[in-house]
Amino acid sequence: MEVSQEELNIIVQTVRTFIKKEVEPLADQMEEEDKIPRSLLDKSAEIGLFGISTPQEYDGLGAGMVGKCRIYEELGRGPNCFTSVIGCHNGIGSVGIVECGNEEQKKRYLPKVASGEMIGAFALTEASAGSDPRNMKTTAVLKGDRWILNGTKQFITNGDVANIFTVMAVTDKEKGPKGITSFLVERGFKGFTVGKYEKKMGLHGSQTAELIFEDCEVPVENVLGELGQGYVNALKILANGRAGLAARNLGSCEKLLEISVKYALQRVQFGKPIFEQQIIQHYLANMTIDIETLRSITYDVARKIDEGQKVIKEAAIVKTYGSEVYGRVADLAVQIHGGMGYMRECEVERFYRDARIARIYEGTSEIQRNIIAAQLKKEYAL
28 MEVSQEELNI IVQTVRTFIK KEVEPLADQM EEEDKIPRSL LDKSAEIGLF GISTPQEYDG
88 LGAGMVGKCR IYEELGRGPN CFTSVIGCHN GIGSVGIVEC GNEEQKKRYL PKVASGEMIG
148 AFALTEASAG SDPRNMKTTA VLKGDRWILN GTKQFITNGD VANIFTVMAV TDKEKGPKGI
208 TSFLVERGFK GFTVGKYEKK MGLHGSQTAE LIFEDCEVPV ENVLGELGQG YVNALKILAN
268 GRAGLAARNL GSCEKLLEIS VKYALQRVQF GKPIFEQQII QHYLANMTID IETLRSITYD
328 VARKIDEGQK VIKEAAIVKT YGSEVYGRVA DLAVQIHGGM GYMRECEVER FYRDARIARI
388 YEGTSEIQRN IIAAQLKKEY AL
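Those letters in the sequence shown? Residues 28 to 409, by my numbering.
Everything hinted at is true.
The calculated lysine to aspartate or glutamate pairs, modelled on EDC-like cross-linking and capped at a C-alpha distance of 20 Å, are:
#1 LYS200 <-> GLU241
#2 LYS340 <-> GLU393
#3 LYS223 <-> GLU59
#4 LYS205 <-> ASP159
#5 LYS217 <-> ASP242
#6 LYS202 <-> GLU153
#7 LYS139 <-> GLU84
#8 LYS227 <-> GLU237
#9 LYS226 <-> ASP61
Here are the simulated distance ranges between beta carbons:
#10 GLN296 <-> ASP61: 34 to 42 Å
#11 GLU225 <-> MET367: 27 to 35 Å
#12 GLU225 <-> ALA72: 19 to 27 Å
#13 SER155 <-> SER323: 33 to 41 Å
#14 GLU334 <-> GLU406: 13 to 21 Å
#15 PRO300 <-> GLU406: 44 to 52 Å
#16 GLY171 <-> GLU29: 40 to 48 Å
#17 GLU60 <-> GLU406: 47 to 55 Å
#18 GLU60 <-> PRO246: 30 to 38 Å
#19 PRO300 <-> ASN162: 49 to 57 Å
No wet-lab data here; the hints were simulated from the structure. Yeah, the Cβ is synthetic: ideal placement off N, Cα and C, and Gly gets one too.
Take these sequences, add in the hints, and give me the full structure.
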């Protein structure tokens with residue numbers, strides 16, 4: 028059962044108000060402290076932001092992909108550090124349990140995931156294994172009724188706040204990607220620790236951490252899906268979330284356009300607002316063309332996902348296009364603002380730094396193009 032259209036409209040309006048009144052006023056604080064206040068996460072839980080992807084039978088919202096994209100679009104208008112925490116939790120941090128978990132796992136974890144009692148994260152990347160899973164070093168060996176994990180994960184979003192992690196580990200090194208299995212690891216499991224936090228260019232407030240597994244004991248019932256299907260699970264989790272990422276980028280682009288139009292109408296040079304300069308009008312027009320094209324593609328892919336269509340190529344397209352549009356729009360926003368756009372006190376400066384990661388995380392633009400090409404080869408093979 029999914030949320031009704033009327034209910035969704037109310038939720039979207041609630042999120043819009045929440046971003047404006049509760050999140051945006053804390054933007055500078057989160058940027059400077061590199062931390063999201065616990066009180067803000069608690070308020071987010073109160074309005075159901077942690078249960079967007081969780082089915083209603085497990086106390087979540089039960090939104091389809093179109094519904095999730097509408098919510099993510101609103102989230103994207105706010106500080107991206109906050110959007111990243113909520114988006115990661117509802118996306119790669121918990122979708123694996125929804126899509127691949129057995130009934131016992133769903134009953135045990137999803138109500139807590141939906142309430143925000145348990146925040147999710149996804150652990151695939153390592154120092155030598157990101158785009159190429161064949162280099163994964165983290166291993167899992169079965170001993171009695173426990174899997175023993177050893178290794179280190181890198182660049183894990185929500186590493187500071189998460190307490191349930193979907194972790195990929197090698198269970199049969201002879202089988203390459205087909206020897207990778209996914210596990211549900213709780214923060215309190217013996218042998219699991221969170222290591223250093225990374226100092227990043229952007230997304231200050233959203234912590235990216237190292238995860239360390241030293242003879243970490245994971246119960247056999249915490250294998251997520253089938254043995255050897257971890258990488259397949261990862262691809263499925265990542266692909267299904269790409270429309271959501273595009274929607275978050277869309278919201279950020281809309282916010283940048285709004286800021287830029289208002290600035291261009293107010294900023295006076297040579298005796299008139301800079302909006303009257305044709306080059307500024309063209310910049311704003313180009314931003315609008317990109318935004319409206321992204322909107323069309325995003326919701327088309329989301330609709331296809333809700334219909335159960337196979338969207339491997341389309342998901343890669345929307346992830347690539349959305350991240351690159353965000354980069355172009357952010358760049359033009361800074362240019363329109365001129366020197367002020369380069370100052371830390373200017374909102375577009377933060378968006379500009381935050382936009383850069385969009386072309387890298389959850390599958391680089393280069394990997395997405397590989398996926399698109401591979402699908403073209405299948406489609407046109409004689």
